[in-house]
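**Q** Take a look at the letters that make up each chain.
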Amino acid sequence: MNINRRNFLSVLGLTGVSLYTGEKLVAAQKIGNETEFYGVLYDSTRCVGCQGCESVCAEEHGLPEPAPDDVPVSGAVRKANENRRTVINVYNTSKGEVYVKNQCLHCNQPACDSACLTRAMSKTKEGPVIWNGEKCMGCRYCMVSCPFDVPKFEYHSSNPKIVKCNMCYDRVIEGKLPACVEACPAEALTFGTRRELIAEAHRRIINDPGLYYNKIYGESEAGGTGFLYLSPVPFEELGFNTTVQNRPYPELTKGFLYSVPSIFVLWPAVLLGIHKSVKNNNLEEEEYE
Amino acid sequence: MKKKNMNNQNAVLAKDNDGMPVLKFLAEAIKPKGTFFTPFNMISLPIMVLGFVIIVIRFIKGIGAVTNLTQEVPWGLWIGFDVVTGVAFAGGAYVITFMVYILNMKKYHSIVRVTVLNGFLAYVFYAGALLLDLGRPWNVINPIIGNSFGVSSILFLVAWHFLLYMIAMLIEFSPTIAEWIGNQRARKILSGMTLAAVIFGITLSTLHQSGLGALYLMASEKIHPLWYSEFIPILFFVSSIFAGLSMVIFEGSISQKVFDSQISEKNHRSHDGILHGLSKICTVTLFIYFFLQVLTFVHGKHWDLLNSPMGYWYLTEMIGFVLLPMGLFFYSYRKQNIFLIKLAALITMIGVIINRLNVTVVGFRWDAAVHYFPSWMEIVVTLTVLFVEIWIFRWIVTRLPVLRDSPSWVKKQSSKL
Ligand code: SF4
Ligand code: SF4
Numbered sequence: 031m032n033i034n035r036r037n038f039l040s041v042l043g044l045t046g047v048s049l050y051t052g053e054k055l056v057a058a059q060k061i062g063n064e065t066e067f068y069g070v071l072y073d074s075t076r077c078v079g080c081q082g083c084e085s086v087c088a089e090e091h092g093l094p095e096p097a098p099d100d101v102p103v104s105g106a107v108r109k110a111n112e113n114r115r116t117v118i119n120v121y122n123t124s125k126g127e128v129y130v131k132n133q134c135l136h137c138n139q140p141a142c143d144s145a146c147l148t149r150a151m152s153k154t155k156e157g158p159v160i161w162n163g164e165k166c167m168g169c170r171y172c173m174v175s176c177p178f179d180v181p182k183f184e185y186h187s188s189n190p191k192i193v194k195c196n197m198c199y200d201r202v203i204e205g206k207l208p209a210c211v212e213a214c215p216a217e218a219l220t221f222g223t224r225r226e227l228i229a230e231a232h233r234r235i236i237n238d239p240g241l242y243y244n245k246i247y248g249e250s251e252a253g254g255t256g257f258l259y260l261s262p263v264p265f266e267e268l269g270f271n272t273t274v275q276n277r278p279y280p281e282l283t284k285g286f287l288y289s290v291p292s293i294f295v296l297w298p299a300v301l302l303g304i305h306k307s308v309k310n311n312n313l314e315e316e317e318y319e
Numbered sequence: 221m222k223k224k225n226m227n228n229q230n231a232v233l234a235k236d237n238d239g240m241p242v243l244k245f246l247a248e249a250i251k252p253k254g255t256f257f258t259p260f261n262m263i264s265l266p267i268m269v270l271g272f273v274i275i276v277i278r279f280i281k282g283i284g285a286v287t288n289l290t291q292e293v294p295w296g297l298w299i300g301f302d303v304v305t306g307v308a309f310a311g312g313a314y315v316i317t318f319m320v321y322i323l324n325m326k327k328y329h330s331i332v333r334v335t336v337l338n339g340f341l342a343y344v345f346y347a348g349a350l351l352l353d354l355g356r357p358w359n360v361i362n363p364i365i366g367n368s369f370g371v372s373s374i375l376f377l378v379a380w381h382f383l384l385y386m387i388a389m390l391i392e393f394s395p396t397i398a399e400w401i402g403n404q405r406a407r408k409i410l411s412g413m414t415l416a417a418v419i420f421g422i423t424l425s426t427l428h429q430s431g432l433g434a435l436y437l438m439a440s441e442k443i444h445p446l447w448y449s450e451f452i453p454i455l456f457f458v459s460s461i462f463a464g465l466s467m468v469i470f471e472g473s474i475s476q477k478v479f480d481s482q483i484s485e486k487n488h489r490s491h492d493g494i495l496h497g498l499s500k501i502c503t504v505t506l507f508i509y510f511f512l513q514v515l516t517f518v519h520g521k522h523w524d525l526l527n528s529p530m531g532y533w534y535l536t537e538m539i540g541f542v543l544l545p546m547g548l549f550f551y552s553y554r555k556q557n558i559f560l561i562k563l564a565a566l567i568t569m570i571g572v573i574i575n576r577l578n579v580t581v582v583g584f585r586w587d588a589a590v591h592y593f594p595s596w597m598e599i600v601v602t603l604t605v606l607f608v609e610i611w612i613f614r615w616i617v618t619r620l621p622v623l624r625d626s627p628s629w630v631k632k633q634s635s636k637l
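One line per chain: the protein sequences are A and B, in this order. Per our numbering, the very first residue in the first sequence carries number 31; after that it's consecutive. Per our numbering, the very first residue in the second sequence carries number 221; after that it's consecutive.
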């Protein structure tokens with residue numbers, strides 16, 4: 031009995047230790063997060079809603095050209111889908127009509143990346159989050175997990191792909207600008223490292239506090255994103271998801287994942303222990319009978 | 221030398237099997253047994269045919285051609301019911317093996333085989349239904365052969381556990397197959413592996429039953445707050461215990477009737493005792509589950525949400541499908557009332573279905589303008605999966621010593637051990 035109790039205590043101890051190391055690992059991850067990712071700053075006060083980005087994006091990625099009558103109308107939200115990776119919408123706000131571009135935000139610690147069981151969806155060291163069709167098995171877990179509902183799926187294809195903005199990864203590693211950034215006539219889009227972009231965004235807010243709402247969307251949302259937004263009005267007015275948490279989403283599953291190894295070590299030992307002790311008890315009983 | 225050996229083996233095989241040559245044995249095995257024109261067959265057959273047609277369409281025209289899934293709701297009935305709910309019901313296998321092999325509760329020995337068989341088939345078919353839902357199923361081997369391990373993914377964990385657990389259950393079941401083909405030596409070796417497989421299987425089950433809940437952890441804002449909490453994994457795990465046991469009670473009561481001739485007089489008589497024992501365990505686990513649900517609710521502080529349609533639905537689930545069956549199990553256990561036990565099991569099962577669907581389908585994007593509702597084709601395919609499983613289950617039970625007692629040589633072998 032005594033021995034059993036001691037075993038039990040050491041079991042508890044082990045669990046504690048593994049939980050502790052778990053915490054450590056989470057902390058280590060946070061430090062690793064300081065890498066310089068590229069990103070894009072979108073300034074909605076500059077955007078004129080010409081949809082130039084939509085057209086070049088379609089061209090660049092072999093998607094159908096947007097129809098000429100498919101223009102932003104306030105009150106109706108156009109959504110990205112399997113045929114378009116980015117869309118421009120217009121919102122009627124307290125400061126008049128404001129255009130907003132929508133596409134993948136290229137999170138620093140993307141939910142989609144950590145959800146993907148084949149590593150098909152992955153955060154590159156440069157910053158863009160990209161999809162690899164050779165690995166993807168089409169489970170759509172990335173779609174379930176992305177807090178911004180970004181990845182789209184070709185439901186009407188026998189060889190379906192996951193479609194989402196990849197920040198023109200091929201161009202970026204060649205040293206070129208993403209197609210939309212290059213095409214934007216109003217300089218609403220700026221490409222650079224995330225740190226530069228945040229500094230630039232703060233500078234714009236400080237220089238013209240009357241024009242801007244004092245917040246950079248993406249600075250802390252979902253643990254920080256590669257796409258950053260400036261706006262003249264509070265972001266709720268522009269249909270932004272303002273309920274997203276500021277912690278990275280993968281942290282929600284960390285606790286569970288870290289408990290896995292300890293259960294794998296402890297459970298079999300505990301089960302075997304019970305099995306042995308119950309068996310012995312039974313033998314004893316039989317002897318007494 | 222080698223050839224002689226092989227001949228020898230064949231000879232042994234043939235002889236053990238009451239002197240039936242192998243080919244004849246196989247022919248015998250494939251031949252259908254019993255009447256063909258039963259009501260169950262007449263209902264299930266057309267549905268299965270239709271289901272297969274829909275599956276073919278799905279592979280030619282894409283998932284969107286047969287399902288109502290959208291870009292916002294990418295997982296529907298096939299995941300929420302077939303996989304998430306089906307696996308919860310298959311939980312009986314790990315609970316019963318735990319009771320029999322770890323806690324040495326001999327009383328339940330007679331239902332181990334049928335429960336493990338049920339669990340195994342459930343995993344094969346319901347987890348197999350996952351393949352239908354994969355857009356690019358040809359890449360399903362990627363996370364298994366190791367060229368791309370997404371180790372931070374809960375789905376990765378769940379997929380691997382499904383695979384390993386199926387193997388563990390196959391090992392647990394394999395002595396039955398050895399008895400069937402009459403291979404004494406194989407039976408001895410295989411049954412020696414049972415304990416290890418059981419321990420491994422229980423460990424895996426603990427992790428993936430909760431893992432199925434953990435799948436939804438990152439969808440924190442997409443699931444209605446009354447059903448989303450960081451404790452989903454624990455709730456899923458605890459509820460898999462009574463979900464599995466209710467399934468055992470349910471399936472057992474049907475098998476007792478349908479496969480009447482298979483079951484020995486002794487096992488018939490002991491069945492009531494088994495049901496009493498199980499109802500006790502169900503009462504306790506339902507109570508723990510309810511307690512955890514209350515804790516979760518208080519922790520989440522969503523009092524205001526109770527007074528809304530979703531809130532009423534939540535209360536219905538908690539009172540009508542957790543508290544009520546708990547009371548029924550308790551009462552029927554005290555009063556030794558078999559009918560009420562079965563009723564409680566049925567209500568519990570409906571409750572588990574409701575709970576899993578609330579997390580995965582009803583509560584998922586509950587605030588969306590357009591709600592997802594499964595298409596009739598999704599439902600037919602789900603039924604097809606269910607019926608195929610039942611057909612195979614029946615095929616095995618009428619041939620292998622699952623419910624029936626083992627052949628006489630088994631006793632001799634075990635007493636020698
Ligand atoms: S916005 Fe969604 S798809 Fe884009 S990186 Fe973040 S989680 Fe992934
Ligand atoms: S759909 Fe593809 S990219 Fe998305 S999680 Fe599944 S395997 Fe990864």
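Since the hints were derived computationally from the structure, they do not count as laboratory data. These numbers were taken from a predicted model, which means no experiment stands behind them. Hints may be right or wrong, so weigh each one.
Taking CB as the label site, the calculated pair distances span [as the list claims (entries may be wrong)]:
#1 A:T272 with B:F272: 19 to 27 Å
#2 A:N271 with B:N324: 47 to 55 Å
#3 A:E204 with B:I508: 29 to 37 Å
#4 A:V308 with B:L563: 28 to 36 Å
#5 A:G105 with B:P445: 46 to 54 Å
#6 B:I501 with A:G92: 57 to 65 Å
Where a beta carbon is used, it is the ideal one built from N, C-alpha and C, also for glycine.
**Q** Next, verify each hint and record whether it holds.
**A** Going down the list of hints, with the structure as the test:
The beta-carbon spacing between T272 (chain A) and F272 (chain B), approximately 47 Å, falls outside the hinted interval of 19 to 27 Å. The hint said 47 to 55 Å for the Cβ distance between N271 (chain A) and N324 (chain B), and at roughly 54 Å that hint holds. Roughly 59 Å separates the CB atoms of E204 (chain A) and I508 (chain B), a value that falls outside the hinted 29 to 37 Å. About 33 Å separates the C-beta atoms of V308 (chain A) and L563 (chain B), a value consistent with the hinted range of 28 to 36 Å.
Range check, G105 (chain A) to P445 (chain B): about 29 Å between beta-carbon atoms, so the 46 to 54 Å window is missed. Hint check: I501 (chain B) to G92 (chain A), Cβ distance near 59 Å, so the stated range 57 to 65 Å holds.
Going through the hint list in order, the structure does not satisfy hints 1, 3, 5.
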